[in-house]
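K.L.:
The residues making up each chain are set out below.
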Amino acid sequence: MSSDMDDLRDLYRELILDHAKSPRHFGKLEDATHVAEGINPLCGDKLQMYFSVDENNKISDARFEGSGCAISVASASLLTETVIGLDTERALKFFAAMVSRLSGRADEAQGEDIVEEIDLGKLRALEGVKEYPSRVKCATLAWHALNSALRDIRQPVSTE
Amino acid sequence: MITAASGKVSEIASGGEGIEQARNDFPALAQDINGVPIAYLDSAASSQQPECVIDKVAQYQRHDHANVHRGVHTLSHRATEAYEGARDSLVAFINAASRSEVVFTSGTTAAINLVAQSWCRPRLKHGEKILITHLEHHSNIVPWQLVCEQTGAELVVCPIDQRGEIDVGNFLKLMDDRVRMVAVAHVSNALGSILPLEQIVAAAHERDIPVLVDGAQAVPHLQVDVQASGCDFYAFSGHKMFGPTGIGVLYAKESRLDAMPPWQGGGDMILEVRFDGTTYNELPYKFEAGTPNISGAVGLGAAVEYLRALGMQNVERHEVALLQYMVEKLSTIDDIRLVGTARNKASVQSFMLGKIHPHDLGTILDHQGVAIRTGHHCAMPVMDFFGISGTARASLALYNNRQDVDRLADALISAREVFA
Chain A
3 MSSDMDDLRD LYRELILDHA KSPRHFGKLE DATHVAEGIN PLCGDKLQMY
53 FSVDENNKIS DARFEGSGCA ISVASASLLT ETVIGLDTER ALKFFAAMVS
103 RLSGRADEAQ GEDIVEEIDL GKLRALEGVK EYPSRVKCAT LAWHALNSAL
153 RDIRQPVSTE
Chain B
10 MITAASGKVS EIASGGEGIE QARNDFPALA QDINGVPIAY LDSAASSQQP
60 ECVIDKVAQY QRHDHANVHR GVHTLSHRAT EAYEGARDSL VAFINAASRS
110 EVVFTSGTTA AINLVAQSWC RPRLKHGEKI LITHLEHHSN IVPWQLVCEQ
160 TGAELVVCPI DQRGEIDVGN FLKLMDDRVR MVAVAHVSNA LGSILPLEQI
210 VAAAHERDIP VLVDGAQAVP HLQVDVQASG CDFYAFSGHK MFGPTGIGVL
260 YAKESRLDAM PPWQGGGDMI LEVRFDGTTY NELPYKFEAG TPNISGAVGL
310 GAAVEYLRAL GMQNVERHEV ALLQYMVEKL STIDDIRLVG TARNKASVQS
360 FMLGKIHPHD LGTILDHQGV AIRTGHHCAM PVMDFFGISG TARASLALYN
410 NRQDVDRLAD ALISAREVFA
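Quick note, the sequences are listed as chains A and B, same order. For the first sequence, the residue numbers in the working numbering are 3 to 162. For the second sequence, the residue numbers in the working numbering are 10 to 429.
Just so you know, not all the hints are guaranteed correct.
Said to hold, decoys possible - Coverage of chain A stretches by chain B, computed from C-beta distances (three or more under 8 angstroms per stretch; other residues unrestricted):
#: 1; stretch: 24-38
#: 2; stretch: 93-106
As the list claims (entries may be wrong) - DSSO-like mimics (lysine-lysine), calculated; alpha carbons at most 30 angstroms apart, straight line:
#: 3; chain 1: B; residue 1: LYS338; chain 2: A; residue 2: LYS30
#: 4; chain 1: B; residue 1: LYS364; chain 2: A; residue 2: LYS48
#: 5; chain 1: B; residue 1: LYS364; chain 2: A; residue 2: LYS124
#: 6; chain 1: B; residue 1: LYS138; chain 2: B; residue 2: LYS262
#: 7; chain 1: B; residue 1: LYS338; chain 2: A; residue 2: LYS23
#: 8; chain 1: B; residue 1: LYS364; chain 2: A; residue 2: LYS132
#: 9; chain 1: A; residue 1: LYS60; chain 2: A; residue 2: LYS23
#: 10; chain 1: A; residue 1: LYS95; chain 2: A; residue 2: LYS139
#: 11; chain 1: A; residue 1: LYS23; chain 2: B; residue 2: LYS364
#: 12; chain 1: A; residue 1: LYS139; chain 2: B; residue 2: LYS364
Stated by the list, open to error - Restraint ranges, calculated between C-beta atoms of paired labels, are given here:
#: 13; chain 1: A; residue 1: GLY29; chain 2: B; residue 2: THR341; range: 32 to 42 angstroms
#: 14; chain 1: A; residue 1: ASP8; chain 2: B; residue 2: HIS78; range: 57 to 67 angstroms
#: 15; chain 1: A; residue 1: GLU67; chain 2: B; residue 2: ILE42; range: 29 to 39 angstroms
#: 16; chain 1: A; residue 1: GLY29; chain 2: B; residue 2: ASN43; range: 31 to 41 angstroms
I should point out that these hints are in silico values taken from the structure, not numbers from a laboratory. Cβ coordinates follow ideal geometry from the N, Cα and C atoms, glycine included.
Generate coordinates for the entire structure from the input sequences, incorporating the hints supplied.
P.N.:
In structure tokens form, the structure reads like this:
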């Protein structure tokens, strides 16, 4: 591959391509407690996200299905690997950290705190989208779906 | 350089040599994208503008702007001349019978909505039908769905086949005695198919059914003669034919426009306003309420003069050869699937490359300076038909050349490497 393709490798890193080709936790989760759909009508990305949250507020399982570009599928796949085993509050912090980091709004006070607190680990592989403004939505789609799925359980908590 | 800005038909173009040089008339095509010269293959979404259009609009803004049709001062006179001069250019370009038949709109979408609301809505009754095809752009579907909801009429859709063609026999069969309007694309924006207008119009007129043609993807590529085609309405947009955005045209036979009530009310579309009744202006002003997009019309007029100078026959000849080259070139790439293989096609080729999502293709190609469109192309029913969520689409215009196509092919091959 020519050298001018090298920075393209920053977007399509091996980890991204691997998860896009072989998405983890792909398929329907029959006993999901929380479900959300993420649609990006501009590109036709369509992801269905499933989460099982146990009595201790821990995400015991996560799956997804649907179709999308390499970035959106890899992001959803990495999301499932990340959030399984987390409690929902922690998972939502990952959502906030990912959105602020990828959309380049980490300077916002809240976003900065969260980004500092959360170690994104291999999710950093998605940071390449920052250079591609039209693709940020692809990378954050699954995370927005996670947020809206989990907010359903947070809602009753906050009204108490 | 074609001197269309002056309104003169250049002698350069008469022999057809102008086409090969035309690329130099477009300043946007002289730039680098991501460090390499741009290969712009997205003219079906919106075309670039030649220097003469940009200059004409700037000159109008700098020296000649005022409101049209209503001042006695010099600038108002100049603005009116420029605006109406653009209309004259369009009349000649599409061979309308008179300037009464060329209505300025904001684009194809507004033109189709105008016909749906002003021609169809007062006439349609419950159970009557509007006939379209499966390959229409959303803007030639949704306006009819709206008027069907408003009147209880039914939208009938003629199917397409795997090539992206309609079966004319089938289309004529669907044209039964309850059909009150036929609306078809001249050229499909997603598939490139050219529809057999002559047969459709002839059959519709035998049954006294008016025909609207969505010509947005045809006017920049083919010689369009509205009188020869016989259609009743022909809609198109400025920004796909090297003019500005926000301006377009509804051509309609005078007899049809006479029988239509105004769609929008306001200034400029009236002769006399009284509280006990208002008299509408003559054609085409009856359908141009409010201060129009004067600079847009002026720019479109300049684009039309540019095209007339080049000669649409020359444009068509150039593009037919280049499309054939593009199809052949793309066909040599492993794992490519061409979507839209109609035998009679213009300007566009949609495709899929292996399992690579069109969006990823779009990004990888952009990285190499190649601009294509990816997604559903505002033709979701077409995507549903082929069982896909979207395609990559390369579209040609008069300024493209073989190097652009070669760049596309090379970029697709390196996309396969990225996803190997």
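K.L.:
Against this structure, judge whether each hint is valid.
P.N.:
Evaluated hints:
| no. | hint | verdict |
| --- | --- | --- |
| 1 | 24-38 | violated (count 0) |
| 2 | 93-106 | violated (count 0) |
| 3 | LYS338/B x LYS30/A | violated (41 angstroms) |
| 4 | LYS364/B x LYS48/A | holds (16 angstroms) |
| 5 | LYS364/B x LYS124/A | holds (25 angstroms) |
| 6 | LYS138/B x LYS262/B | holds (22 angstroms) |
| 7 | LYS338/B x LYS23/A | holds (28 angstroms) |
| 8 | LYS364/B x LYS132/A | holds (24 angstroms) |
| 9 | LYS60/A x LYS23/A | holds (28 angstroms) |
| 10 | LYS95/A x LYS139/A | holds (18 angstroms) |
| 11 | LYS23/A x LYS364/B | holds (9 angstroms) |
| 12 | LYS139/A x LYS364/B | holds (21 angstroms) |
| 13 | GLY29/A x THR341/B: 32 to 42 angstroms | holds (37 angstroms) |
| 14 | ASP8/A x HIS78/B: 57 to 67 angstroms | holds (59 angstroms) |
| 15 | GLU67/A x ILE42/B: 29 to 39 angstroms | holds (36 angstroms) |
| 16 | GLY29/A x ASN43/B: 31 to 41 angstroms | holds (38 angstroms) |
Checked against the numbered hints above, the structure breaks hints 1, 2, 3 and satisfies the rest.
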